[in-house]
Amino acid sequence: MLFPTATFAIFFLLVLPLNWLLMPDPPRWRIFMLVASYVFYGWWDWRFCFLLAASTLVNQVFAVALHRTAGRRSRKLLLLADVVFNLGVLGAFKYYDFFATSFQNSLSDAGLHVSPMLLGAVLPVGISFFTFMALSYVIDVYRGDFTPTSLMKFAVYLSFFPHVVAGPIVRARELIPQFRTPRDPRRIDASRAFFLIASGLFLKVVIATYLADAIVDDVFGTPERYGAVDALVGVYAYAVQIFADFCGYTNIAIGVALLLGFQFPQNFDNPYTATSPRDFWRRWHITLSRWLRDYLYIPLGGNRKGDLVTYRNLMIVMLLGGLWHGAGWPFVFWGGLWGVALVGEHWWDTRRRARGEELPAPTGLGRAWRRVATFNLACLGWVFFRAESIGDAFTLLGRIVTGWGEAPQLVTVGVLLAIAVGIGGQYVPTDVFGRLMASFSRLSPVAQGACLALGLTVVGALGPEGVAPFIYYRF
Amino acid sequence: METPTATRPAVRRRERAAAPDETGRRPLAAGHVIVVVLVALALGTLLNARGLRSSAELREPGWQRETTLALTRPLAWVSGATLLDRPRAALEDAAGHEEAGLKSGTAFQADDTSPPLPPPAGEEPRQRPVFSPSHPARLWVAGDSLVVTPGESMIRAAEDTRAVRAVAPVDGHISTGLSRPDVFDWYRHIRRELQRRKPDVVVLGFGGNDDHPYMTGLPKGVTVDDFGGPTWTREYRRRVDAVMELVTGRARLLVWMGLPITRDADQTRRFEVINAVVHDAAAEHEGVVYLDTYTMFAGGDGGYAEYLPDGQGALVKVRGADGVHFERAGGDRVAAELLKRLRDAFDLRGSG
Numbered sequence: 001m002l003f004p005t006a007t008f009a010i011f012f013l014l015v016l017p018l019n020w021l022l023m024p025d026p027p028r029w030r031i032f033m034l035v036a037s038y039v040f041y042g043w044w045d046w047r048f049c050f051l052l053a054a055s056t057l058v059n060q061v062f063a064v065a066l067h068r069t070a071g072r073r074s075r076k077l078l079l080l081a082d083v084v085f086n087l088g089v090l091g092a093f094k095y096y097d098f099f100a101t102s103f104q105n106s107l108s109d110a111g112l113h114v115s116p117m118l119l120g121a122v123l124p125v126g127i128s129f130f131t132f133m134a135l136s137y138v139i140d141v142y143r144g145d146f147t148p149t150s151l152m153k154f155a156v157y158l159s160f161f162p163h164v165v166a167g168p169i170v171r172a173r174e175l176i177p178q179f180r181t182p183r184d185p186r187r188i189d190a191s192r193a194f195f196l197i198a199s200g201l202f203l204k205v206v207i208a209t210y211l212a213d214a215i216v217d218d219v220f221g222t223p224e225r226y227g228a229v230d231a232l233v234g235v236y237a238y239a240v241q242i243f244a245d246f247c248g249y250t251n252i253a254i255g256v257a258l259l260l261g262f263q264f265p266q267n268f269d270n271p272y273t274a275t276s277p278r279d280f281w282r283r284w285h286i287t288l289s290r291w292l293r294d295y296l297y298i299p300l301g302g303n304r305k306g307d308l309v310t311y312r313n314l315m316i317v318m319l320l321g322g323l324w325h326g327a328g329w330p331f332v333f334w335g336g337l338w339g340v341a342l343v344g345e346h347w348w349d350t351r352r353r354a355r356g357e358e359l360p361a362p363t364g365l366g367r368a369w370r371r372v373a374t375f376n377l378a379c380l381g382w383v384f385f386r387a388e389s390i391g392d393a394f395t396l397l398g399r400i401v402t403g404w405g406e407a408p409q410l411v412t413v414g415v416l417l418a419i420a421v422g423i424g425g426q427y428v429p430t431d432v433f434g435r436l437m438a439s440f441s442r443l444s445p446v447a448q449g450a451c452l453a454l455g456l457t458v459v460g461a462l463g464p465e466g467v468a469p470f471i472y473y474r475f
Numbered sequence: 001m002e003t004p005t006a007t008r009p010a011v012r013r014r015e016r017a018a019a020p021d022e023t024g025r026r027p028l029a030a031g032h033v034i035v036v037v038l039v040a041l042a043l044g045t046l047l048n049a050r051g052l053r054s055s056a057e058l059r060e061p062g063w064q065r066e067t068t069l070a071l072t073r074p075l076a077w078v079s080g081a082t083l084l085d086r087p088r089a090a091l092e093d094a095a096g097h098e099e100a101g102l103k104s105g106t107a108f109q110a111d112d113t114s115p116p117l118p119p120p121a122g123e124e125p126r127q128r129p130v131f132s133p134s135h136p137a138r139l140w141v142a143g144d145s146l147v148v149t150p151g152e153s154m155i156r157a158a159e160d161t162r163a164v165r166a167v168a169p170v171d172g173h174i175s176t177g178l179s180r181p182d183v184f185d186w187y188r189h190i191r192r193e194l195q196r197r198k199p200d201v202v203v204l205g206f207g208g209n210d211d212h213p214y215m216t217g218l219p220k221g222v223t224v225d226d227f228g229g230p231t232w233t234r235e236y237r238r239r240v241d242a243v244m245e246l247v248t249g250r251a252r253l254l255v256w257m258g259l260p261i262t263r264d265a266d267q268t269r270r271f272e273v274i275n276a277v278v279h280d281a282a283a284e285h286e287g288v289v290y291l292d293t294y295t296m297f298a299g300g301d302g303g304y305a306e307y308l309p310d311g312q313g314a315l316v317k318v319r320g321a322d323g324v325h326f327e328r329a330g331g332d333r334v335a336a337e338l339l340k341r342l343r344d345a346f347d348l349r350g351s352g
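Top to bottom, those sequences are chains A and B. With our numbering, the residue at position 340 of the first sequence is 340, and numbering never jumps. With our numbering, the residue at position 314 of the second sequence is 314, and numbering never jumps.
Excised from the complex, chain A in its bound form (with noise of 0.2 angstroms):
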């Protein structure tokens, strides 16, 4: 089910009273959202469900066995399982085949004739996202951070509708204690919710689709047919509908659970005004950020032993975060590029902090300076994440570089100012949307859902016909 439809609209609006209703009751409140979170996921299709439940299933096993057992070899052989079955069913649903073409191709390249058994299996929607959510529950159960919970309270914690497709990646210990005790129907921040659910339609449906439909596909799908000024913008407009795509996903899933009356954690904070690498992936999917660098980077020795090893972790952890995007050899490639970008500002850092140089905060032109780099760098990064190989990436570099007198053919005003609103509302001061949701949650009930019903007018008529599905659904 795809949140910007009137299917998710007619499901909504027979969950959240039920929610409500049903919340004083937390044992039948459990029951009725996990058949709401299974009638949600199971909508794209409902084989998929039985992945969800056997993953339910095997992860309670193991942390209530972890729980129960004192051995430290016996916990730790224990966790091993737990994470070669999750990484294990990731790797069958969405590296096997990958991997096995590969493998296979190299063997031929080399004369040798082999035929791998392919699996074609259907990637199910979401498997990243839940398959990291139950990892980070028995990883924290197994650290002693975190007792087990319920069964049927974890079962809810990983089906829960509005993050189970495409995150944000909610860790147990922040979702899990929420449903112990019912939410306060009185106090729910409604202004905020429906702020985020109005911006992430408008996001998703007018900007990110219309770019890619303008100019993104276009320059990404045959870039030796454009000049420079179309790679380009091309390029910065991929960049937009990324944000505009993935932002407008999680906007719309927190401000769904906020109206449930649960609190996800903020997965965006206006990337494109990043400083630096490391200030970008503290702004981008900082919920995948932050789980790698609590159970990746940190448990590899993180910063502590060394520049070298620093160096290596940093390698690791962005080149398996690009695998976790996707099996491609374009993601690792981006992922690499991002860990040469952190290794040499640490580097770079490192090295002024040995010659005894303070590192103080860009300020003025610095800063501007700094944003524009470190945008460029993302940009750079997208090519190679959207391209369909690395050649094709190079390709369309190689229009930016050359292709300069050739006369834009998709560079539009709309383009442009899709772009620039994509880019320009990062840079609004946080206190201008909290004027607005302060107003907004002055207005009276009819009047707000009235105001509500004018954006999805707006979102409805500026949008195109049917909206494609979003980006990180296939992650």
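These are computed hints drawn from the structure, not numbers from a lab. Don't take every hint at face value.
[Stated by the list, open to error] The following label-pair restraints were derived from C-beta to C-beta distances:
no., chain 1, residue 1, chain 2, residue 2, range
1, B, P230, A, I390, 49 to 55 angstroms
2, B, E66, A, P177, 31 to 37 angstroms
3, B, Q64, A, A81, 39 to 45 angstroms
4, B, P309, A, G344, 16 to 22 angstroms
5, A, I316, B, E272, 46 to 52 angstroms
6, B, A314, A, G366, 36 to 42 angstroms
7, A, A81, B, W63, 51 to 57 angstroms
8, B, S132, A, G344, 48 to 54 angstroms
9, A, Y95, B, T67, 25 to 31 angstroms
10, A, T402, B, E66, 52 to 58 angstroms
11, A, L18, B, D225, 40 to 46 angstroms
[To be verified] Only some residues are given here: those of chain A computed to face chain B with a beta carbon under 10 angstroms:
no., residue
12, R47
13, T181
14, S389
15, T402
16, G405
17, E406
18, G434
19, L452
Bear in mind that the values here come from a model prediction, so they are computed numbers and not experimental data. C-beta: ideal position from N, C-alpha, C; glycine also.
Chain A is fixed; fit chain B onto it per the hints.
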């Protein structure tokens, strides 16, 4: 001491106007949230009834489509009667969105008075037209979402020959087809683009969204029965013929991309019905080539295959995650086949 009856209104008042939190936002009680959502959706539905109806009509055949159609039909009527459809229409006009909603019976009929373009000058019958880098064939690719990836590959491959040049990027419109001119009028669009772009070669692909019994733009007095039934087939064939006649009157070659085998067996059966109509029509129109993607993408066992060997024997992913659309390698496969057809039809000189 306050009586219970005295406290109740006070509580209600407090709930209605809860004090703002530290951010200055006034929280709402759950009941009021439900009211806001109800008002937003009810009013939003009336304001957007026409769009909702269009979306309902685009759905896959089945109970969901029938239910949403039954719900949106009266809503669209009320919205029109109360003029609540006007704001959206005004916004769509301001945004330059193409007008949808053809009157019944106007679709797929040659109502323009402009004569077809004259045949290319200086061309002997049965002699293959010559194209070269200095005089390239003009290629235009259009259709639904299934055409986009192969279309991009076609443009790449064709332009590599230097004897063919695309006159525009792939003109793809998702969720469209020949059944629903009220959603997107392909006949009118093709006619306009032919006049504007003057292509020599046109590649079209439709049908992926036409595998249902619902059709708009029917001639007066005509009704259609079930999908694939005699009246449906007759009307769909009329539309295919109309497009083929339109294109062949103005371009040298029309390549019609058939529908591929898909992961879903039911969908594949429906696609076979559409392929049969197009295949038969192509056989009866001079200057039309039917490009069979069904067998092109079948595996060794004749069934659906996600991976197929490429020209060098390496296994490559040719189909998308949804089991319907194409990956880039799949598009390249279609493009290679298109090039063969172009070389059959034309003398591409100085080409790679």
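Looking back at the numbered hints, which does the structure fail to meet, lowest number first?
-> 2, 4, 6, 7, 9, 12, 13, 15, 16 and 17
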